[in-house]
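From first to last, the protein sequence lines are chains A and B.
Just so we're aligned, residue 35 is where the first sequence starts under my numbering, counting upward by one.
Just so we're aligned, residue 25 is where the second sequence starts under my numbering, counting upward by one.
Read the hints as simulated data drawn from the structure, not as lab findings.
Owing to the predicted nature of the structure, the values given are computational and were not obtained by experimental measurement.
Positions of the beta carbon are idealized from the N, C-alpha and C atoms, including for glycine.
There may be inaccurate statements among the hints.
Stated by the list, open to error - Simulated restraints, written as ranges between beta carbons of each label pair: (1) Trp313(B) to Ala117(A): 50 to 60 Å; (2) Thr36(A) to Val104(B): 16 to 26 Å; (3) Leu302(B) to Glu144(A): 51 to 61 Å; (4) Val144(B) to Leu37(A): 28 to 38 Å.
What the hints assert, rightly or not - Here are a few chain A residues that face chain B, going by a calculated C-beta distance under 7 Å: (5) Val52; (6) Val112; (7) Ile114; (8) Ile147; (9) Arg149; (10) Ala154.
Claimed, not checked - If you want a taste of the chain B side facing chain A, the calculated C-beta under 7 Å gives, among others: (11) Leu50; (12) Asp72; (13) Ala73; (14) Ala95; (15) Thr99; (16) Ala112; (17) Asn160; (18) Ala218; (19) Val222.
Residue-level listing of the chains:
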Amino acid sequence: MTLLGLYNYWIYILLLVVGLYAVLVKSNYVKRMIGLGIFQAAVFLLFISMDKVEGGTGPIIRGIPDPDQLFSNPLPQVLILTAIVVGIAVTALGLALAIRIREEYGTIEENEIRRQDHEA
Amino acid sequence: MMSVIGLMTLTLLAIAAIATVMASNLFISSMWFGIFSLLMASNFFILDAADVALTEAAVGAGVSTVLFMGALALTGDKEVKNKLNWLAVVVLGVLAFALFIATFDQPRLGDPNAPVHMHVAPWYLEQTPNLINIPNVVTAILASFRGYDTLGEVLVIFTAGIGVLSVLGFKPKHRPVTSGEAFGEKVRGVQHHAILRVVGKLVIPVLMLFALVVQFHGKYTPGGGFSAGALFAAAVMLYGILEGADRSSKAMPQLAMLRLAAFGATLYAGVGLVCMLLGGAFLDYNVLWPDPLIGQYVGILLVEFGVGLTVTTVLIMIFNAIANRPTY
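Next comes chain B alone, as it looks inside the complex (with noise of 0.2 Å):
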């Protein structure tokens, strides 16, 4: 049975997904995208997954609408207007068709004899408090099961940093101070609204002390390195945003995260490294420690650490190089 609740953010977000698609204003429309992001991690909370709630809140919500912002700002907010085309109108029509017949062969919401339920899962959570002995399983199976997959995100976001700096130059030019004419003297940010800037940092020190709770803490309740790392790189955008990117990059040097980035993400390939001359599997952590129990938290709490640090840093480089940028 579903909740009312359920059901409820469940039509909101089909609403903000059409509504974000409709509005012809881009600025309006990445707005709309930021609430259809909040929307999904109620969405994903409701469906007890707190931890990817957490993540997609920081991300989604937070750090995706200002890079759309930031780049909004660079490539105008107006979109032209295209034809209703009615091929892509019929092709995904058959596609939805196709998709809502086969849905009735799926198992309902909940159904707790659901196949996915049957397989693996259930190994998992039995096993967890013997083999790893930490409560939060998502950050058990993310760090030290599957720790093979999340190197490779871990490399994935890294390259995607790369990426942006090769497409965007390494060195930001720094953009002309934006000149607050309607005061007749130059203001850079947000530095002439006076209510934004006090409550925004207030905002900042609470928001990187909460990243670093759900860093370290993550093994105990929902968090871990992606979380945290999206929420502190949040924190130094709304710096960003309130005292002008310049700044920002001043505190956060392009050249000093990408070193971070790239130590983050050795650290993590590292770890692997001495579990193997130990006498262990690649990222067996059971060896790091004369008690594996012991030995997996140390090594749990190395890589959720390579992860975060390399997530932050990653997403801080992105959203310099796109702030700084100079306005054609």
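If we strip away everything but chain A, and leave its shape as in the complex, we get (with noise of 0.2 Å):
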């Protein structure tokens, strides 16, 4: 079953896809951040995909390490680790100009923003 060790990766590109979709199509703004955050979840996955390895664990070692004993790269977690944290970060940002043009505007679609742009 070699072809079921890539079902992580058709996952990735399923969520990759489904979160751009929301992002290019859909005209709402909220919408919109949640498509980002799929896609960023997207890239996540894929990274904490590679650090499994087979027969491993978390890579926490205690005492004197075994030598056998075989650990998950720590690499990509740091790094990921730190994404997520980011990920909000823009997430709010996002949703505070959301909201901001709310106020301006009435409304959060696009659509109906450039049309209001357009007469004005």
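Reconstruct the complex from the two isolated chains, following the hints.
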């Protein structure tokens, strides 16, 4: 079943495309931020999938390390750990902008905002 | 080989993602997104990344759902349906197909000989017990080996907090207290839901205690400043939801949060500067103590505290700014 070992990547592709679709097509700004979140999560999944070592365990080494014990790769984990928190910071900034836009335009639908801008 | 449970959570993840995008009510959509994040966290755990799973569970399923709810209260939860955009579908279909073909050249999941495990990763796993001497290698890399990157991330988060404040204004105007017409009296938060209040209040101290454990025990077990900060902020947000955001922002005033956030980032950079003054390189903790291993311990403790402080206060600041905004 070597093909099953690629299932993680396939789900990653699906999430990437679904998230990108929301960012490209949806005109509601909050929905776009959600799409961006899914898109980010896809990248996180790709990185974390790389760290897994068959028969290994989380990279926490207690006492004298057993030379036969395999550990998962800590580097992608560090990258993604910080990326998750930066992701929430980006989401918060996006939502703050959406709130301000709603206060000015009375809507957060891009089509409607474009129309108002065009009329003004 | 993949475990059955791994296959199942991955499939559920895909379903949750599609449901999130399909739901036309944004409230339902952000609820699905919370479920999606929780599934993502379980996936990370299955893939042996406990630190990441903890952070994703706190940030994705907890804090981000609250922020989406807060934003939706101000922007409305109805979404105008878009027509299916065929151009986007075709472009994304081609992208998906190209990536799909590319996956066949990828190493299979869990392959110990994958190129990613051949380069620097074994060095970190071998040398962490000798050079840093803390069990959690992820924390060792995050706070010591790659301390520069983490300092950058902390500054990014601080900048985002400043950004939200400059967009939404520094001083939150108090939202008119939501009136519970059904009871003929004024209520704030979910005060009229007795069960939610009682159970929620029982959770808050446990959550805060757990955040402190995650913060200060992160060298031995999964955890560290980022996840602890998100957990602590989640506890304050829970209080805000239960008792009204005006009370939580009275307990955690914006100005104090801003100063503490700046202090956390400065503490991190300050440790680096002290290392330089003591004759080492920037963020080289070996010189902090006569015994380099204790120096590493002290350095990591201090910078993780700085990280935790900045993440906590920035998230609370963002919550206060959004939740106290008057509705139009």
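Verification of the supplied hints:
Separation of Trp313(B) from Ala117(A) is about 32 Å and departs from the stated range, judged on CB atoms against 50 to 60 Å. Checked against the hint of 16 to 26 Å, the pair Thr36(A) and Val104(B) fails, with Cβ atoms roughly 46 Å apart. Evaluation of the 51 to 61 Å hint for Leu302(B) and Glu144(A) yields a pass: the beta carbon distance comes to about 54 Å. In this structure the hint that Val144(B) and Leu37(A) lie 28 to 38 Å apart at CB holds, the actual value being about 30 Å.
Hint status for Val52(A) relative to chain B: holds, with the closest Cβ pair at about 5 Å, below 7 Å. The interface hint given for Val112(A) holds, since its Cβ lies 5 Å from the closest Cβ of chain B, which is under the 7 Å cut-off. The beta carbon of Ile114(A) comes within 5 Å of a beta carbon in chain B, closer than 7 Å, and the hint placing it at the interface holds. Given hint, Ile147(A) at the interface with chain B, is violated; its Cβ is 12 Å from that chain's nearest Cβ, farther than 7 Å.
Below 7 Å, beta-carbon pairs count as interface contacts, and Arg149(A) has none with chain B, the closest being about 12 Å; its hint is therefore violated. Hint on Ala154(A) is violated. Least Cβ distance to chain B is approximately 19 Å, over the 7 Å limit. With its C-beta approaching chain A no nearer than about 5 Å, Leu50(B) sits inside the 7 Å limit, and its interface hint holds. Contact between Asp72(B) and chain A, as hinted, is supported at the beta carbon level, the nearest pair being about 4 Å apart and thus within 7 Å.
Checking Ala73(B) against chain A: minimum C-beta separation of about 5 Å stays under 7 Å; hint holds. Taking 7 Å as the C-beta cut-off, the interface hint given for Ala95(B) holds, the closest approach to chain A being about 4 Å. About 4 Å separates the beta-carbon of Thr99(B) from the nearest beta-carbon of chain A, less than 7 Å, and the hint is met. Interface restraint check: Ala112(B) against chain A, minimum CB-CB distance 5 Å, threshold 7 Å, status holds.
Interface restraint check: Asn160(B) against chain A, minimum CB-CB distance 5 Å, threshold 7 Å, status holds. With 7 Å as the threshold, the beta carbon of Ala218(B) stays out of range of chain A, its nearest partner Cβ sitting at about 31 Å, so the hint is violated. Of the supplied interface hints, the one on Val222(B) is violated, with its beta-carbon coming no nearer than about 29 Å to a beta-carbon of chain A, more than 7 Å.
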